[in-house]
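Using the hints provided, position chain X relative to the given structure of chain H.
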Amino acid sequence: MKMKKLALMATTFAAVALALAGCGKSNDSATEKDDGKLMKVTVYDDLANYQGTAKGWFAKMVKDKFNIEMNIVAPNVAGGGSTLFDTRSAAGNLGDIVITGSNDGRAKKLVKAGLISDMTPYMKGMKYLKQYSGATDAFQKVAGVKSGIYGIPASVSSSSPTSSSEGTEPTFGPYIRWDLYKEVGYPEIKTLDDLIPILKEMQTKARAENNDQKIYALSLFKDWDGNMMNNAKQPTTFYGYDELGFVLAKADGSDYQSITQTNGQYVKALRFFNKAKQAGLVDPESSTQNYDTMYSKYTDGKALFSFWPWLGQAAYNTTANKEAGKGFMLAPVQDMKIFSYGNTTNGSSTFIGIGSKAKNKQRLVKFINWLYSPEGVSAAGAQTGGTSGPEGLTWKMDGKQPVLTDFGKKVFLEGGAKVPAKWGTGNYKDGVSQLNYPAVMPNDINPETKYSYSYTLWPSVLKDTKTKLDTDWSSHMDNATTTMDYLKKEKKILVAPGASYVTPEEDSEISSLRGQIKTQIVNTSWKMTMASSDSEFDSLLKKMQSTVDGLGYKKVLKVDMKNAKDQNKARVAIKKEYANKK
Amino acid sequence: MQEALNDTQELKDLQKQKKKMQNRRGKRLFYLIIPFIILVLLFSYYPLFGWVYAFFDYQPPIPLSQSEFVGWKWFAMLIQNKTQMHQIVQVLANTFAMSFLNILTSFLPVLFAIGLNEIRNKHWKNIIQTLTTLPNFISWVLVYSIAFAMFSSSGMVNTLLQNWHWIAEPIKWLDSDSHTWLKMLLWNLWKGLGWGSIMYLAAIAGIDPELYEAGRVDGANRLQLIRHITIPALMPTYFVMLMLAISNFLSNGMDQFFVFQNAFNLTHIQVLDLYVYNVGMGNNSLSLATALSMLKSIVSVVLLYVVNFVSKKTRGESII
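Those sequence lines, one after another, are chains H and X.
Counted the way my numbering counts, the first sequence spans residues 1 to 582.
Counted the way my numbering counts, the second sequence spans residues 1 to 320.
A few of these clues could be false.
Claimed, not checked - To give an idea of the interface, some chain H residues facing chain X are shown, with a C-beta separation under 7 Å as derived from the structure: (1) ASP86; (2) LYS109; (3) THR288; (4) THR547.
Hints are computed from structural coordinates only; laboratory data are not their basis.
Ideal Cβ positions, reconstructed from N, Cα and C, are used throughout, including at glycine.
In isolation and in its complexed conformation, chain H is listed as follows:
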C-alpha cells in the first residue's frame, strides 16, 4: 500500500517537474563541429528597424559568403521598451548574435548572466577585428572582465576624436524648406523663436500653393521618447546640448542643466513647440502618429521643419525636387551652436557579441570580422549612414578615385532602383543591411580606396550634386559648399570629443524612480506642447515639477549629474590619449 502511494506521489512530482522543465530547455552545443550547412542565425538587434528574416541584396551577400540566414529580432519593431530584452534574457538565450547597448551596466549583466560568450578562442586570423584591439580592450572594463573579448564596440574610428564624426551634414540642425523660405524673402533669424512667425508665413504660402489645409510647419512623433520627450530635446542640440538621463550637458562641459529647470533649454524647447502650437503650426496628429506616418508626411511635403537632415532631406530632397529648387536646407539661425559627435576612437556604447548558446561560433566570428572589413563596412553601414554600398554595384574605381556607377546615382541621388538579378531581387533601399549596424564610422578612410566609406564626401559626388537648390542655398550662406563647411566657417558647431563613455549600472531603486518620473515628464511634455494657452503651459510645468520632486527627482538627478560630469572627464581623457598617440 505504502509503496503504491509513494509511487503515485513520485509520478505526480515527476509529471509536474516535467511540465515545468518543458518551459526552459538548455542545450550546450559549443563544441559541435561546423558542417558548413545553411545556418539560421537569430540576431537580437537593438538598432534594427526591421523584424524577421533579412531579405534583399545584403542578405544575399551574407548568405553567399557565410551560408548564414539572419533572423532579426528587433525591439524597435516589437515595441514595449526593454520588455523583449528582459523576457529573452530571462529565458537564457538572447540570440546567436547580440547587438545592444552597454549603458546602465547592461554589458556587465550579460556577461555575469552568461548570455554572451568570449570570442578569444575564435580570434585566430581575424585581422580586421584585431585592428580595433584598443576598442575591445576598452570594452573589457565596460563588461567588468579582466580578459577576453566579449564584444566589439560599434562605430569605431581611426580619426581624431575632436573632429566631427558627421560627414557633410551634422546629426542635428534646424532644417527648413528652403524654397518657401526663399518665397518669404529670406528673413533674418536671430534666434530659434524668430522661426515661428517665419514658419507661419511659410505655412500659409505652402497651403495656398498646394490648396491643402493639412500642411503643418511642425509634425512631431512619440516613438523615441525616453527620459524626456525626444522631439523636445532636439532644439537643445542646436545650442550644444545633449541628453544624459535627466541632464542636458553641453558638449564642451561648460554647462549642465536639469530638464525640469524652469528656464532651462528643455523647457524653452517645449515653450517653442507650444508657441508654434498656439500659432497653429503643429500637426494635431503629432501625439498619435508614429515615425513612419510622419516620414511620409515629409515625403509628401506636408511638414516644413525638420530637426535632422536625415529626416527632412532624406524624405524630401530627391533630385527632381532639388532641381526644382525645393528641399530642406539648414536655416541660418544666428545664435545656434550645433552639437556634434566627435569620432569615437574606441567605439560607441553599442556593441556586437555572440550569444553563449550559439552554434558554429567560429563562423559567426568570421561574419563579424567581415562586418569590420572594408568590404563589409562599405556594404553594411547604417541605414542612414550613407556608406557607399558594394563595389561593382553602386560604385567603381575610376582611375585613382571612386565614382558612383549609373546604378549608384539612381539609388543615392534619384530615389532608388531595383537591383540587377545578379545581386538579388527587390529595391536597393529595401535590401540594405537590416542590421542597421555601423561597425566603423562612415567618414573613416577606406584603406583600399583612400577615400571615405561615405560616398557623400567623395569629390566626384560633391561635384555631381550641385543643383539649383544647392547653389541658391550656398549663395545665401557665404558660398559654403556643404552644411558642415558653413557651420565650421561660422563657428556654429560644438564638437563633443568622441569618448566611449558608458553609464555605470544603476541602482535598481533609482531605476524604479526614474521609470515613474520619466512617465510623468514625457506625458506632461506632450500636454505642455498641446496646451492652449501660456497660463495652461505654466501651470502644467509647475504641476510636473512638484510631482517629479515628490517622486524623488533629486535623487535621480544627482546620479545623472555625476554621470554627465564623468562623461566629460572621459571626453577630456580621450582628447589627451589621442594627442599622445600622435
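Using the frame of chain H, we list chain X on its own:
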C-alpha cells in the same frame, strides 16, 4: 462465554474489514480528485511563488538566485512619500470607479434582453441580436483600430465635421483626458451589451408561458406583463451575475485600457492591472511591480470580507 467472546472477536474483525473497505474506497475516490488538486496547486498556488520576486532586487538577465535580497524595500518605496501614495490612490480610484460604473450599468443587458424579446419580427430580432453580439468577439486591439479610424484627429468623424464646416479644429476624442471613465464605459457597453443579454434571453425563454397566459386573461397589457412577470423572473439570474461581477471587481481587464492609454489620459485610465504592467514591463522594475500586484490580492481579501459581512447582516447567510 467462549462463544460470546468469539462473537465479539468476529464482530471486531468484521468491523475492521469494513473500515478497511471504506478506507480503500475513500482512497480510490481521493485518487480521482488528485488531478484537480494538482491543477489547483499548479495554477493557483504555484504562481504565488512568484511573490518572492517582491523581496529581491531582480534585474532580468541575472537569475533570482544571484539577486540581492532586499526585504520590504519595495513595499516601503510604495508608501515612502505623499506623491507616491497619491499615485496609488489615483490608480485605485480609477479601478474602483470603472468597476463601479460597470456594476451600475449591469441592468442594461436585462433591459436589452427584455426589449429584444418583445420584438415580434423574427428576422429583425435575429439581425439585431447578431449585430450586438458580434462586438464581443472583436479583440480590444481591433476595437481600438476602429476607434482610431473613426475618432482620431484625422479620423472619419472629424473629417466629416470639418468638411461640413461644423468645427474648425478637430475634436480630440482619444487624446484628451475629458470624461475618460465615461468613454471607457461606453466602449465597454458597446462591446459587451449583446453578449451580456444572452444569459437573460435564455432565462426569459425558461419562463412558464402559462404565467403570461394567466396574466393576459387577467387583462394585463404588455408593460404590465414585463413589470410583473418577466422582471421578477429574471431577478435570480441578475443577482448571480451581479455577484460574479463584484468578485471580478479588481480585475476589470487591462487590455482595453492598455490600448486606449496615451500621454493625455493616463492619469484617469490607469487601473491597477495596467499600472502593474506599466511599472513592471514599461519601466523595467519587475520587483516593484510584483510588490504592487500583491496589493491587489490584499484589497481582494478585504473586499471579500466586507461583502461577506454585508451578506451576513442582510441575508443571514455568509459565503465563508
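Against the structure, the hints:
no.	hint	result
1	ASP86	holds (4 Å)
2	LYS109	holds (5 Å)
3	THR288	holds (6 Å)
4	THR547	holds (6 Å)
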